[in-house]
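Student: Residue numbers for the sequence shown follow UniProt numbering, beginning at 1 and rising by one.
There's no promise every hint is true.
Here are the simulated lysine-lysine pairs, PhoX-like style, with alpha carbons at most 25 Å apart [claimed, not checked]:
no., residue 1, residue 2
1, Lys340, Lys386
2, Lys114, Lys310
3, Lys310, Lys386
4, Lys118, Lys263
5, Lys310, Lys40
6, Lys40, Lys304
7, Lys304, Lys340
8, Lys263, Lys40
9, Lys40, Lys118
10, Lys114, Lys40
11, Lys310, Lys263
12, Lys386, Lys304
13, Lys198, Lys263
Read the hints as simulated data drawn from the structure, not as lab findings.
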Amino acid sequence: MNFPERFSNLPPYAFPRLRALLDHHTPGGDVVHMTIGEPKHDFPSWVTDVIVENAAGFQSYPPNEGSVDLRNAIADWVQRRYAVAVDPMAQVMALNGTREGLYNAAMALCPEQKNGQKPVVLIPNPFYQVYMVASISVAAEPVFVPATAETGHLPDYASLPEDVLNRTAVAYICSPANPQGAVASRAYWAELIRLAEKYDFRIFADECYSEIYRDSAPVGALTVAQELGADPERVVLFNSLSKRSNLAGLRSGLIVSGPETMKRVHQLRSYSGAPLPAPLQAAAARVWADETHVEENRALYREKYLIADKVFDGLDGYMAPEAGFFLWLPVPNGEEAALKLWTETGVRVLPGAYLAQGQGADNPGHGYIRVALVAPAAQTETALQKLRSCLY
């Protein structure tokens with residue numbers, strides 16, 4: 001059987017690759033998983049009550065774009081969070097998790113050609129791997145742009161050659177960044193939006209970690225676009241309840257953009273969508289409307305930021321994350337460090353190279369490990385102390 005050639009050379013996904021590296025070795029202590037960004041804090045206790053109250057909805061096909069209540073709740077949250085008013089029926093769609101949206105938005109919005117040539121999709125390097133697969137799926141050219149310490153751990157898209165920018169159809173950007181925790185400033189967003197206006201491309205703003213932060217809430221792309229008076233179609237926002245509300249399994253995400261952009265997204269969703277069941281949509285609407293549990297969740301992560309700061313005090317190259325829940329720790333070789341840590345302590349982390357493109361030292365993740373601060377505070381502190389003793 002023949003398969004599309006463009007998928008034949010995909011690198012192994014990060015977590016199967018990690019299992020191949022570690023699983024045939026015996027852990028050197030009690031196992032602590034710090035690899036995957038799966039929150040372990042409690043979600044609001046009333047979520048299950050809402051699902052049960054609406055259980056009759058399992059009998060019916062759910063609204064494809066999201067129920068009226070859910071889309072209204074999302075629009076209200078966007079207004080509260082970003083100070084941007086959006087039409088819930090014309091500019092909002094509920095997603096089955098943001099990974100679905102980040103992929104399908106490229107399918108719906110990336111043209112077959114840009115200025116008569118093969119289109120380009122810009123991707124930060126390191127990156128969330130759905131960005132790459134989405135670009136390959138639409139037969140675009142993925143261009144990986146280093147997001148390193150020299151660039152503030154965010155990609156410098158403005159430095160790209162004119163011929164690349166002229167072909168650019170989509171630019172993915174994750175802020176707060178996964179894995180580095182860097183936050184795009186108002187000035188960064190403004191420069192990127194002006195670049196997108198000049199070269200006529202869309203910005204796919206992946207802001208899934210926006211509600212977990214140390215001090216002040218990260219500014220969002222929609223806010224800056226409105227301040228600049230940019231075309232409302234220019235920015236496509238993605239967010240979810242996975243990190244904000246510790247509900248990764250609920251699969252409630254959002255996509256928000258201008259009405260013309262959303263018409264195209266809605267059209268594709270009509271054919272290919274996998275909407276949330278109605279009882280889960282009812283729960284999601286309640287969760288998007290509540291901020292109390294989000295503040296409590298944020299406080300737990302702030303406690304772990306301080307733990308990490310204490311454990312790695314004085315470590316050369318330690319970068320205290322501004323937001324999100326990952327540490328991006330410098331090591332000589334990420335694979336060797338992850339294997340040593342596993343076999344000597346049982347602490348399981350992800351080599352940074354598995355989240356980036358490039359060979360050897362040319363891979364911007366080669367000299368890092370990613371550490372997820374998702375475990376309870378006491379377990380996190382013990383694991384981080386083991387990590388420092390083992391690797392530094």
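Student: Against this structure, judge whether each hint is valid.
Tutor: Verification of the supplied hints:
With a C-alpha separation of about 12 Å, the suggested pair Lys340 and Lys386 falls inside the 25 Å cut-off, and the hint holds. The straight-line distance between the Cα atoms of Lys114 and Lys310 is roughly 50 Å, outside the 25 Å bound, and the hint therefore fails. The suggested pairing of Lys310 with Lys386 holds, with an alpha-carbon distance near 13 Å, which does not exceed 25 Å. Restraint check for Lys118 and Lys263: the C-alpha separation of about 24 Å stays at or below 25 Å, so the hint holds.
Of the supplied pair hints, the one linking Lys310 and Lys40 holds, its CA atoms being roughly 22 Å apart against a limit of 25 Å. In summary, the hint linking Lys40 to Lys304 is supported, as the alpha carbons are separated by about 13 Å, within the 25 Å threshold. Pair hint Lys304 plus Lys340 holds up; C-alpha atoms about 24 Å apart against a cutoff of 25 Å. Straight-line distance between C-alpha atoms of Lys263 and Lys40 comes to about 36 Å, which puts the hinted pair past the 25 Å bound.
For the proposed pair Lys40 and Lys118, the alpha carbon gap of about 43 Å is over 25 Å, so the pair is violated. Only pairs whose Cα atoms come within 25 Å are accepted, and Lys114 paired with Lys40 is rejected, the gap being roughly 43 Å. At roughly 49 Å between alpha-carbon atoms, Lys310 and Lys263 are farther apart than 25 Å, so this suggested pair is violated. Pair hint Lys386 plus Lys304 holds up; C-alpha atoms about 15 Å apart against a cutoff of 25 Å.
Note on Lys198 and Lys263: the hinted pairing holds, with a Cα-Cα distance of about 23 Å set against a maximum of 25 Å.
Hints 2, 8, 9, 10, 11 from the list above are not met by this structure, while the remaining hints are.
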